[in-house]
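Asker: Assembly of the complex is requested from the two constituent chains, each provided in isolation within its own frame, with the hints serving as guidance.
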Amino acid sequence: MKDIREDIAWAKINKDVLKSLESPRNLYWVIVIGALLVFSVGVGCEIYQYNVGMGVANLDNPHVWGLYIATFIFWIGMSHSGTLLSAILHLMHADWRKPIYRFAEAMTTFSLMTAGLFVMVHLGRLWQFYYSLPYPNDRGLWPNFQSPLLWDAMAIFTYLSSSILFLFVGMIPDLAICRDNIHSGWRKKLYTVLALGWEGTDRQWRNFRVTYLTIACFLIPLAVSVHSIVASDFAMSQQPGWHVTSFPPYFVAGALYSGCAAIITLFIILRYVFKFEEYMTLPILKKTVRLTFAIAMVWTYLNAVEFASVWYSHDIASKDVLIQKATGPYAPYWWGMIFCGSVVPLILAFKRFQTNIPVLLVTSLLLNLGMWLERWMIVAPTYSHGYYPWTWDHDQFPSWVQWGMVFGSFGWFTLLFMVFCKVFPSVSMYEVKEMVYHRSLASKKLEVSGSQESVEGAH
Amino acid sequence: MSKRHLLAVFSNFDEAEAVVKELRNTSIKGFNANDDLVVKSPIEHPEVEEFLGDKPVYVQWFTLFGALMGGLLGFFLISGAQANFYAQIKGGKPIVPFPPNFVLTYEMFILGGVFITILGFLICAGLPARRSPLYTAKVSEDQIALLVKADEESASVLKAIFTKHEALEIQEEAGK
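If you read the sequences in order, they're chains A and B. The working numbering applies: residue 1 is where the first sequence begins, and numbers increase by one. The working numbering applies: residue 1001 is where the second sequence begins, and numbers increase by one.
In isolation and in its complexed conformation, chain B is listed as follows (with noise of 0.2 Å):
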């Protein structure tokens, strides 16, 4: 069965919510309320949160592993560097000096865990994107957009329950 995007905009978040209840509370063939809906908001609003349900964010786990990753590499380099004693004759003093080493050691801790942090948002948020066909200006404006995706034939009963909530525009585009 071909699916069908269909994108409908509220003037406010309370419709949107509204409307978010009603699709979990009614049967939409081809409509999964965890996978196929999609909201779009001009601000980071709470209650999108709430009325969504909470979904796992793993953006923290690319900053430790970025961070250690960082310290380690540091520390390693320029212990690497100064175990070079070859080309350096150290004259008694420690080999490698712990407690100097921390300060360069902390600074590439932080540069890779902002580093791969930023990697891991763009990996996790989805971007670089292409922008959707199914999009308003009025999103990063001040309206609420509900992206859903559901089986061709549940097209209008969609539309009719974004119409009775007094949806401000509609777009449809045939899903792939």
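With the rest of the complex left out, here is chain A (with noise of 0.2 Å):
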């Protein structure tokens, strides 16, 4: 079966793609309604928690990161599935991500963006964020520069401003497609200003060519030292169950995971949507889920290792944690991590079942549930049974505000997500266009090369 159909006309291509600005299903409406909803739960807790203090979030000592920085760990982990499938597979020649990689990339940046929600929420005092920029105080003294945490402001900073500058790149055809064709309102204005001139002459295509190229090739060690640096957060402390040398590549692993999870998820859900079922093909969904399969199990490998490097490194106060989680009070959580990050996932094994929406659809869920109980995992255990006995009963559960506020954190992404798809085009046509052309000539050679052969043959 093919990933994509090689005679669909070009002009067909633009009018599908455009009509998704314009008309999609009523469940568009209703998922950003939904989500407008839920975001509105998380500004009220934020509001709440503002006014009233810290408090009312459960966050004490020890525990004072709770759902937030273990939210903030998933959302970043979120945002590299747009790096995998803009930059590593476009250097991979994998044209079968064309369809698909706009929207992965705008969820790259959504994602991001809701994950330094999490850092000023988590502060309590939001103008103290500016406590991580590199400059100095009055008294001349600059932060810490020998700090993760000041290691992954600048980090994140990078890959957010590389990643909205990677998308807009990416787009400047299509936007220049969107100038062509709409002819009045704020859209055209906005298309006109965006598309910045592009005719596509054989000059601005060469100079696109290489320029995106030179920013994935930038943008896949940038990705992998982002969620490295997140993982410093924790591996270059000393507290049990942090100190784990294998937690850069756990947490990269990690995060592919994740993203790739995610890309299932929403890619059913444009497709359904937008009405792109000729573009999101059911071909290109079973390579995804091949993909996000492979990674599975190199995390579930990962997660492996670092239990048996925990086990067998003698440390008393680490082995003590890692049987905390299996059978403290946050066994439920983390065999739940187990279940959902490595079991659930051998289901995409079964031929049948990679192209199965409604089980495809239930099982990309569960796996980011359990990437997310995986972040939790980290954080709340270590905390409730580190080095101080006094800290060993004080188990906490997150209040309600941090709930409220790791829902609305959903409610957010989904809103920016669903208007992005709205505004901008979230299958890139151009790339289509090209998968579309190449994939007709591979076809037309192998037919004249098939028809050769047989005249060879008659001789």
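No lab work stands behind these hints, which were simulated from the structure alone. For every residue, glycine included, the Cβ atom is placed at its ideal position computed from N, Cα and C. Mixed in with the good hints, there may be bad ones.
[Claimed, not checked] Listed next, the in silico SDA-like pairs over lysine to any residue satisfying Cα-Cα at most 25 Å (straight line):
hint, chain 1, residue 1, chain 2, residue 2
1, B, Lys1138, A, Pro283
2, A, Lys445, B, Leu1134
3, B, Lys1003, A, Lys286
4, A, Lys189, B, Leu1134
5, A, Lys422, B, Leu1134
6, A, Lys12, B, Pro1046
7, A, Lys15, B, Ser1011
8, A, Lys286, A, Ile8
9, A, Lys444, A, Gly197
10, A, Lys422, A, Phe39
[Stated by the list, open to error] Pairwise CB distance ranges (calculated):
hint, chain 1, residue 1, chain 2, residue 2, range
11, B, Asn1032, A, Leu361, 57 to 63 Å
12, B, Leu1064, A, Val423, 33 to 39 Å
13, B, Lys1093, A, Val305, 30 to 36 Å
14, B, Pro1133, A, Arg352, 56 to 62 Å
15, A, Ser147, B, Pro1133, 52 to 58 Å
[To be verified] Beyond 10 Å from chain A on every Cβ pair, some chain B residues (computed):
hint, residue
16, Ser1002
17, His1005
18, Glu1022
19, Phe1031
20, Asp1036
21, Met1069
22, Phe1076
23, Gln1082
24, Gly1092
25, Leu1104
26, Leu1127
27, Ser1132
28, Glu1166
29, Ile1170
Answerer: And the structure:
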């Protein structure tokens, strides 16, 4: 079965994608309104926490990070899918990514924007965010450049700004299509400004190709460094359960895993909502599912490595944290993480489920639930069973304010993402045309060589 | 001699390629195939480069410059701040510790590289630009256009070549 039909007319590609900007299915509006409601729950919780104080979040000593930082890591991880699909698969010439990479890139940008909110929210005093910016205070003291937290701020800023630029540059030819086909209103003005006067000249395409490739080359090490640095927030401390050498690759694998699972979820939703059945095809979904399965197995392996290295290291405190995770108050969540992260993806190994949309929708949501639990299970158990015995009877469960904020972040992300898909083309029109063109050329060559072979055979 | 711009639109790349070959082989007054011919296409087409010939791209030089400047700026900013030991006593620790500084230098290297690459792209691709009067929205859909500049008196020769190769549309404008 082919990834995409080779005989789709280019004009039809434009028409179908442009139609998605105007008339999606009604489910779109249901999702937007739902997201708005969910987001408003988060806003309400933040206003309440801001007015009353951090106590309402049930954050205390030693539980100073709670769900906020766990969810921050989750959203940072989610952002890696865009880089995987746009940059890594671009360099590997995997052209099946073309119809789906745009929304994955958008996902990267909006995940990072969501993650950034949690850094501010967990501070309580939002205005103190400036302490993480590299400039000196009135006594000439600079922030500590040797702290992974400062590295984090810099890495996320670099990743966010580079991702926005990558998304924008990759969209310029499509913005020109929008400009040429939408004839009035604010959209026309917006597309005219953003298209920068693109006309598809040979000079523009030549420079565009090199630029896109160059930024892709930068984004791959950048993505790896971002999540390695997030891992360093933990691994560079002396806390039991966190001081693990394999944390950076483990975090990167987890990030790619949750990102891929989210791509499956959004693939299924966008395919239906924007009527993209012809572009987001089942063979492309199948490839994404197989990729997700492979990454799930890498993550499972790295998890096993982490447990084994803690178990055989004879570090009593770390071993105790591991035992606590499996048998203590967090055990249901920890086993939930193992089940959702390592057992559920086995479904993806079965061919018949690799294109079964309802099964994949549920599976992808469970995978991300597992990945969210993973982040929570990194943060919380170490705090409740650290070096100080006085913390051991101090199990803390997040308050409804924390849960509300986590819930609200999904609304915020969904809202941003759905608005983006309505304003900007979520399928790359020019790249789908390239894909169709190259596929049709390849099949023509195949036909010619086939007929030549049959002629030679006759002789 | 005043110049004239002509834009011819074709339904496929083969026709456009044939026109380019013919333009190269015909002596047209005031027309130089390397400088006076622009191809406008809906996709990044490898054949365009083949029939136009290799043309240099300089974006990567901007990238190199940006990345090096970003890295150096990052390293010296951090080191300069750390070397401010009048404000912050180091207590025997290295004043400028290289291993942790490498992380931020690396991030700044990438940041500088990406930002200046984009700047280089805009400069090299001539963007942002005013839209040329000789343009058709069909180029962003499925057609390929050739924009040719030649002496005014050559316009009829060019039109004849375009018509011979079944141009779908010919637009013209007096050059400056």
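Asker: Run every hint past the structure and note whether it holds.
Answerer: Against the structure, the hints come out as follows:
1. Lys1138/B <-> Pro283/A: violated (31 Å)
2. Lys445/A <-> Leu1134/B: Distance of about 35 Å is beyond 25 Å: violated.
3. Lys1003/B <-> Lys286/A: Not OK: Lys1003/B and Lys286/A at ~56 Å, beyond 25 Å, violated.
4. Lys189/A <-> Leu1134/B: holds (20 Å)
5. Lys422/A <-> Leu1134/B: violated (31 Å)
6. Lys12/A <-> Pro1046/B: holds (23 Å)
7. Lys15/A <-> Ser1011/B: Holds - the C-alpha atoms of Ser1011/B and Lys15/A are around 18 Å apart, at most 25 Å.
8. Lys286/A <-> Ile8/A: holds (21 Å)
9. Lys444/A <-> Gly197/A: Distance ~35 Å between Lys444/A and Gly197/A Cα, so the pair is violated.
10. Lys422/A <-> Phe39/A: holds (19 Å)
11. Asn1032/B <-> Leu361/A: 57 to 63 Å: holds (59 Å)
12. Leu1064/B <-> Val423/A: 33 to 39 Å: Distance hint for Leu1064/B, Val423/A holds at roughly 35 Å.
13. Lys1093/B <-> Val305/A: 30 to 36 Å: holds (33 Å)
14. Pro1133/B <-> Arg352/A: 56 to 62 Å: holds (57 Å)
15. Ser147/A <-> Pro1133/B: 52 to 58 Å: Given about 57 Å between the Cβ atoms, the range holds.
16. Ser1002: Holds, since 23 Å exceeds 10 Å.
17. His1005: Since the minimum Cβ distance to chain A is about 13 Å, His1005/B lies beyond 10 Å and the statement holds.
18. Glu1022: holds (18 Å)
19. Phe1031: holds (17 Å)
20. Asp1036: holds (13 Å)
21. Met1069: holds (14 Å)
22. Phe1076: holds (12 Å)
23. Gln1082: violated (6 Å)
24. Gly1092: With a cut-off of 10 Å, Gly1092/B remains clear of chain A, as the shortest Cβ separation is near 15 Å.
25. Leu1104: violated (6 Å)
26. Leu1127: violated (4 Å)
27. Ser1132: About 6 Å separates Ser1132/B from the closest Cβ of chain A, which leaves it inside 10 Å; violated.
28. Glu1166: holds (18 Å)
29. Ile1170: holds (17 Å)
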